[in-house]
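*Asks:* As a plain string of letters, each chain reads:
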Amino acid sequence: MTAALEIAGIRKVFGETVAIESLDLDIPQGATYGLIGPSGAGKTTAIRMIMSILFPDRGTISVFGQGSALKAKDRIGYLPEERGSYRKMTVGAFLTYMGGLKGRTRAQAYGRADRLLGRLGLGGVQAKKCEELSKGMLQRVQFVASIINEPDLLILDEPFGGLDPMSVRLLKEVIAEEHHRGATIIFSTHVMAHAEELCEQIVMIHKGRKVLDEPITGLRRRYDTGRVLLEPLDPDANLLALQAMSCVATLRLNDHGCELRLRAGVDPADAIRAVAAAVAPARIEFARIRLEDVFIGLVSESGAAAESHEALRTHLQGLSNTGVTA
Amino acid sequence: MSLNLQRIGLIAARDYKAAITSRAFLFGLLLMPVLLVMFAVLVPRILNSRSPQIVGDVAVIDTTGKVVPELKAALLPEEIARRRSVESDQGPLKPGATAAAAGQPIARLTLVEAPANADVDTYKRWLVQPPAAPTRHLAVVVIQPDAVARRPGAAAFGSYALYTSPRLDELTEATLRNTMRAALIATRLRAQNLDPEAMASVQQVFQPDAVVVGAAGERSASRTVARFLPFACGLLLFVGVMTGGQLLMTSTVEEKSSRVIEVLLAAVSPLELMYGKLLGTLGLGLTMTAVYVSISVYALAQFSLSGLLDPMLIVYLVAFFVVTYLVFGSLMLTIGAAVNQNAEAQALLPPVFILLVGGYSLSGVIGQAPNSAFSVAMSFIPPVNTFAMIARLSSIAPPPSWEVWTTLLISLVTAMLVVWFAAKVFKVALLMHGRPPTFGTLLRWARMA
Numbered sequence: 010m011t012a013a014l015e016i017a018g019i020r021k022v023f024g025e026t027v028a029i030e031s032l033d034l035d036i037p038q039g040a041t042y043g044l045i046g047p048s049g050a051g052k053t054t055a056i057r058m059i060m061s062i063l064f065p066d067r068g069t070i071s072v073f074g075q076g077s078a079l080k081a082k083d084r085i086g087y088l089p090e091e092r093g094s095y096r097k098m099t100v101g102a103f104l105t106y107m108g109g110l111k112g113r114t115r116a117q118a119y120g121r122a123d124r125l126l127g128r129l130g131l132g133g134v135q136a137k138k139c140e141e142l143s144k145g146m147l148q149r150v151q152f153v154a155s156i157i158n159e160p161d162l163l164i165l166d167e168p169f170g171g172l173d174p175m176s177v178r179l180l181k182e183v184i185a186e187e188h189h190r191g192a193t194i195i196f197s198t199h200v201m202a203h204a205e206e207l208c209e210q211i212v213m214i215h216k217g218r219k220v221l222d223e224p225i226t227g228l229r230r231r232y233d234t235g236r237v238l239l240e241p242l243d244p245d246a247n248l249l250a251l252q253a254m255s256c257v258a259t260l261r262l263n264d265h266g267c268e269l270r271l272r273a274g275v276d277p278a279d280a281i282r283a284v285a286a287a288v289a290p291a292r293i294e295f296a297r298i299r300l301e302d303v304f305i306g307l308v309s310e311s312g313a314a315a316e317s318h319e320a321l322r323t324h325l326q327g328l329s330n331t332g333v334t335a
Numbered sequence: 002m003s004l005n006l007q008r009i010g011l012i013a014a015r016d017y018k019a020a021i022t023s024r025a026f027l028f029g030l031l032l033m034p035v036l037l038v039m040f041a042v043l044v045p046r047i048l049n050s051r052s053p054q055i056v057g058d059v060a061v062i063d064t065t066g067k068v069v070p071e072l073k074a075a076l077l078p079e080e081i082a083r084r085r086s087v088e089s090d091q092g093p094l095k096p097g098a099t100a101a102a103a104g105q106p107i108a109r110l111t112l113v114e115a116p117a118n119a120d121v122d123t124y125k126r127w128l129v130q131p132p133a134a135p136t137r138h139l140a141v142v143v144i145q146p147d148a149v150a151r152r153p154g155a156a157a158f159g160s161y162a163l164y165t166s167p168r169l170d171e172l173t174e175a176t177l178r179n180t181m182r183a184a185l186i187a188t189r190l191r192a193q194n195l196d197p198e199a200m201a202s203v204q205q206v207f208q209p210d211a212v213v214v215g216a217a218g219e220r221s222a223s224r225t226v227a228r229f230l231p232f233a234c235g236l237l238l239f240v241g242v243m244t245g246g247q248l249l250m251t252s253t254v255e256e257k258s259s260r261v262i263e264v265l266l267a268a269v270s271p272l273e274l275m276y277g278k279l280l281g282t283l284g285l286g287l288t289m290t291a292v293y294v295s296i297s298v299y300a301l302a303q304f305s306l307s308g309l310l311d312p313m314l315i316v317y318l319v320a321f322f323v324v325t326y327l328v329f330g331s332l333m334l335t336i337g338a339a340v341n342q343n344a345e346a347q348a349l350l351p352p353v354f355i356l357l358v359g360g361y362s363l364s365g366v367i368g369q370a371p372n373s374a375f376s377v378a379m380s381f382i383p384p385v386n387t388f389a390m391i392a393r394l395s396s397i398a399p400p401p402s403w404e405v406w407t408t409l410l411i412s413l414v415t416a417m418l419v420v421w422f423a424a425k426v427f428k429v430a431l432l433m434h435g436r437p438p439t440f441g442t443l444l445r446w447a448r449m450a
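Those protein sequences? They're chains A and B, same order as listed.
Numbers in my numbering are just positions in the first sequence, counted from 1, shifted up by 9.
Numbers in my numbering are just positions in the second sequence, counted from 1, shifted up by 1.
Derived by calculation from the structure, the hints in this document are not laboratory data.
Incorrect hints may have been included.
Said to hold, decoys possible - Think about it this way: if two alpha-carbon atoms lie no more than 27 Å apart in a straight line, the pair counts; the simulated DSS-like pairs of lysine-lysine are:
(1) A/80 x B/425
(2) B/18 x A/97
(3) A/80 x A/137
(4) A/144 x A/181
(5) A/138 x A/181
(6) B/18 x A/144
(7) B/18 x A/137
(8) A/138 x A/97
(9) A/137 x A/97
(10) B/18 x A/138
(11) A/97 x A/144
(12) B/73 x B/125
Start from the sequences, fold in the hints, and give me the full structure.
*Replies:* Right, dumping it as structure tokens:
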């Protein structure tokens, strides 16, 4: 089967700045890819080149076997990070217009828009002007615009930014439905939880270069944290006694309970069973990888200075806390 | 790269619909005809209705003792109206026409005869009145002794001195001066046993409207319409291009600043977007031109002057509008794509405005001398050549066909070059944010694309 996207050795330079350097990427049809990296890493530039909004100085991009996305635009759905709408247009007119530009008839676009708006809790807004909607409602309308054409390739650049939890859940459900329908999904985000939940494969970009391209399952194995988080059922339980267990290397108390670092070679499943037997847990889990840990680890491998790692960690944590696009 | 005409059509239709239903456009569309009607019809009426008839006294110290009888006759309202009609070269008043029908209200001036040896200073003081005085003393005329008969050896006749009240308006003063001139000339002629009426009749030649005879036949060339038509055609071109160009620029800035541009670029190529926008506002300009041409044709028909308008002129007007619009519209579109806010566009607009206003300002000059070397040269220098040619085409002496087609060809090539340049800048500029660019930056972007 033809790949949904094939990128070979693309490079993009803006003035003195190298935005993308030697980027290779193959995305099979039906896959879900997460594109991750801090602000300025080159994610949006890469996406704009995939969409043929920008063109690489070197290298090739093939979308569904076509030499340019311009030839396959009707098969692509794109929700840019900086998305807008025509303020004076009604929602219905805006969506049928976008559908028309994507090769759909007015009736087709109107019908699908009506169905999707209802699915996203926006039934009855077709006649309202875009300027009359709240920011969250407008974001959902813009999401509908990106999938109005039932795309085979859906590119979402930070789709959940600024949305309330209910809207995030609805959007995730519709994205999953699009995936089940057969659409290939490229999802750009800095929130690891979203990427873990929605993506099968993670691609990390740092300073215009790809530093990781791996399935999420492999990533979990490779970046095994070796830590267990425990929240005891009894707040007065003696947690310090756990330090004497043979599977525990170190113990650190925190507000909710403690964090146990396991000895090398210990099976996490056995360790969790043993800890739960020693102290009745309200919650016990194997600590999952964090975006910044993986990222810092990769940057360390590339030999960057320690101060840079700390600055990067602070930056990534800031992004996660504020919801700013990475 | 192939262009999808359906997408271009959709973009054009959306932009056209959005602009033509906007309150600003409808207001602008209606405003111009309303202003023209007000200017042509209502304003003179309002001005006339608010100009009260001036009534007052004029004292005359006639040291010759001969002018007053002629002055009394010349001050009659009917006589003033007759002189106005003769001076405007419009032919004699029709029998039965009232004096007021000749134009502005005619002052009713009462002559106050003063003795020939009256003290001038006393009459100067006569002019100074309290504001509530029942009779208005408007002027004192002192006719010099040699105003009718020259002094021996003198080359010229004497004249008169005029003292006026501050309350005397310019129009009445002009009427008084004109009346004095007529009275003095008539008195001098009678003094030399000549008939003033016969002399006036001999000197009067009323100006007819020319009839232009060409291969296509004869057509009337009303001087008023001939003067007005190049100006009006230039104005149509200017207003259509300006309105369409401005809307194109502001809508592009809005799309860029509201970030809808990237959503659009996900569905269409930059060139499809640009051509769609250009076509949409071109349609808008053509609609505007059609409305104004229709109003003009209707207005001419109302005055039985529709024969003055050559139908081919409308065809040429549309053709020249399209090429002029493509040139200036593309430049304004480029500016719209390059900046982030309308305020930033103002820094880049002046050169475009100067070219546009420069072209329009040629209309009047070229309409007066349509076949002068300057007019012919201007017809071939883009981008002002379309204004020059439309002014020549609407004048009483249109240029030969080969010149018209050469101008059209030059304009088409210019339009293609400008659209090509605009497309290169448009592609790069659309996603550029930050500091507003200079013209140097635009050129660099064009090289980058």
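*Asks:* Would you mind marking each hint as holding or not holding in the structure?
*Replies:* Right, here's what the structure says about each hint:
This hinted pair checks out: residue 80 of chain A and residue 425 of chain B have alpha carbons roughly 20 Å apart, not beyond 27 Å. Taken as a hint, the residue 18 of chain B and residue 97 of chain A pair is honoured in the structure, with Cα atoms around 12 Å apart against an allowance of 27 Å. Restraint check: the Cα-Cα separation between residue 80 of chain A and residue 137 of chain A comes to about 33 Å, which exceeds 27 Å; the hinted pair is violated. Annotation: proposed proximity of residue 144 of chain A to residue 181 of chain A holds, straight-line Cα distance about 18 Å (limit 27 Å).
Proximity of residue 138 of chain A to residue 181 of chain A is assessed by CA-CA distance (about 26 Å); at most 27 Å being required, the pair is judged to hold. Simply put, residue 18 of chain B and residue 144 of chain A have alpha-carbon atoms about 26 Å apart, close enough for the 27 Å limit, and the pair holds. Restraint check for residue 18 of chain B and residue 137 of chain A: the C-alpha separation of about 18 Å stays at or below 27 Å, so the hint holds. For a cut-off of 27 Å, the pair hint linking residue 138 of chain A to residue 97 of chain A stands: about 6 Å separates their Cα positions.
A hinted pair counts as satisfied when its Cα atoms are at most 27 Å apart, and residue 137 of chain A with residue 97 of chain A qualifies at roughly 9 Å. The straight-line distance between the Cα atoms of residue 18 of chain B and residue 138 of chain A is roughly 15 Å, inside the 27 Å bound, and the hint therefore holds. For the hint linking residue 97 of chain A to residue 144 of chain A, the alpha-carbon distance of about 15 Å falls within 27 Å, and the restraint holds. Proximity of residue 73 of chain B to residue 125 of chain B is assessed by CA-CA distance (about 21 Å); at most 27 Å being required, the pair is judged to hold.
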